[in-house]
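Protein chains in written order, with this note's numbering: chain A, 1 to 162; chain B, 1 to 567.
Honestly, the hints are just simulated from the structure, not real lab data. Warning: the hint list may mix true and false statements.
Output of the computed footprint for chain A on chain B, the stretches with three or more beta carbons under 8 Å from beta carbons of chain A [claimed, not checked]: (1) 49 to 60; (2) 195 to 204; (3) 209 to 215.
These numbers were taken from a predicted model, which means no experiment stands behind them. Where is the CB? At the ideal position from N, CA and C, for every residue including glycine.
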Amino acid sequence: MRVVVLGVGNILLSDEGLGVRAVERLSRAYSLPLEVAVIDGGTSGMELLEDLEGIDALIMVDAIRAGEPAATPIRLTGEALPVFFRTKLSPHQVGLCDVLASLELLGRSPRHISILGLQPQSLALGMELSREVEDGMPALLGMIVSELALLGLVAAATGGGI
Amino acid sequence: MSQRVTIDPVTRIEGHLRVDVEVDGGKVKKAWASGQMWRGVENILIGRDPRDAWAITQRICGVCTTVHALASVRSVENALQLELPVNAQYIRNMIILAHAVHDHIVHFYHLSALDWVDVTSALKADPAKAASLAESLSSWSGNGKAEFTKVKERLSGFVGTGQLGIFTNGYWGHPAMKLPPEVNLIAVAHYLQALEVQRHANKVVSILGGKTPHIQNVVVGGVANALAVDSQAVLTVERLLAVKDWIDQLADFVKNVYLIDVAVVGGFYPEWTQIGRGIVDYISVPDIPLDGRNTEFALPGGHIAGGDLASFKQIKTHDDAYFKDGVSESVKHSWYEGGKGPLHPYKGETRPQYTDFQDDGKYSWLKSPTFYDKPMQVGPLPRVLAMVAAEHKPTIDYATHALELVSTVAKTKVGIDALHSTIGRHAARAVACAVEVDELARQWDLLLASMARGDLKTFNKPVFPKGEITGVGMHEAPRGVLSHWIVIQDGKIRNYQCVVPTTWNAAPRNEKDEPGAYEACLAGTPVAIPDQPLEVLRTVHSFDPCLACAVHVVDQEKQPVVRVRAA
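Can you build the whole structure from these sequences, using the hints too?
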């Protein structure tokens, strides 16, 4: 089994980068099974094709704007995955969604995809998370660990801080 | 009556580029390009250690992480007048070139080919006819009847289940789509093959850069790659041999597929050599340094005025005053506090002042850069024209080859003047890519030869003086001239400005109210169906738009829009 935990977002825009911050902390706070690769995807697109190709599960961690109060944990999977991945204005711009669509076309999509995240509070310029999102980070890490558990994978806390 | 068409966003990463066009009599009369997101990243850098700037600036953009990392270290090295070991240059050059090749392939096949290729028409193609056409043009191994039959079946499967996936919502059947079914099928097959091939370029970057998407090996003063002839822990000859294998596969695809596809598409759309001319004042900078002081380059660059190659003025080094003194930025039509006229980047200010979208006032988060007070076009077209003007033989050879092929398909003589156009920008990008993939192989040879001579040095330690120093980091990035401008005071960053390629091209009107490149190139573009503005997208996409501030929030509600209203 191969699983990728992919943090995405722009760390220069405060909470926009919460996905990247979450996976950085995940690697520090937990000892992960060998089947799990943790990737800081930043805001990239096509470069990730190879890493996501033919894997069993993709756990994407991102800021998710859902009109909820700041730092509300959000989990999207299966039918709940946004239409985002299926419809778009034009086929011309390649981002992460396009990578997934390309993999679908090649018949090598991840078998299971889930998106975990928090409602962002601030997208202002800056490299720090907002207070609210900072407080929500342990919950987000917990969600990632639970998601791995659903796949039968155990992440053991190292006792290090997050 | 004229109509106003708004396309927002043009790049699908949310909140990026908005384009408004006023259409009258089936043609664009006036255009506005607007960056919809504040990129005040420079402000984050103030007060920081200049040695850290590259790691932060490579987060500006999701597509071009490496280019910002390199322009940033070059700005600091320029300020320090620091010489680099040549091995560091070779390694950086290979990263630059592999990234460029990757970017161009993805741009053509996965971002813009579908402006020209009708995927649904490919279902009507005869794979045998497609194969004999493709085999008459190229020796590429993926052009056989069996391959095209397989692709057609896969595509039918997708369409049959109603799942077009990545092809959903294209402008299929649009009257401006003109390729025969067989050519559409060939293009779809190459689209899929390009997905396979592009990964080789990415692997080169990740081996040399330590990791992608964000490279780790750059440092002010060189690179952090330890070179060795034998050790497993570092960049060994064995790993470099794997790199060479990927380079060779890329070269095969670029020369035998990409360059030919672009020429064939161009040959079927000859009218697009007359559309999208716009600004023909061009600027590029030399790149792929061959010495430690950035004074000798494999690929030349410079300024061309009025589209006339005879006017070419070469930019000779990365310290050339002709470039350094010529750049300034206006904020008259940008959402920043202004009133001081155009400012040189060392004096640049980034203080937001948002108004609504005002047609004749402020309407963009992008500043408007000029070169000696004139708006410029940047990108592969300016780069290729400069290299032709500088008599760079490989560029002349590939450009001649491509134009001959276009002429054959179009059944009429197509000369270099055709490049000043929407389709010409695609052709120039393919020519640049062929030149770059050859140069990538040459840089590999240079690195190996240097190692064979026993030179394994990759880093010179920087020393920061007291007082103020300034520097510019120039880089001819895939989308054109990128420059980072740094002011360092007592070893800390005092000011930092990035003048990025898309800022040049997508600039709003300047201090003299002259339009930027997108705006000028859109004027005169035909629009058959205002709510399906395919032609406008063709011209904008020919620049490979990328606004540097990739906001990436998953939005469950908002959908991108095309709005049409009476102007």
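Structure-based check of all given hints:
With 3 residues bearing a CB less than 8 Å from a CB of chain A, the segment 49 to 60 of chain B meets the requirement of three and the coverage assertion stands. Counting residues of the segment 195 to 204 of chain B whose CB lies closer than 8 Å to any CB of chain A gives 5, so the stated coverage by that chain holds, three being the minimum. Counting residues of the segment 209 to 215 of chain B whose CB falls under 8 Å from any CB of chain A gives 3; the rule of at least 3 is met.
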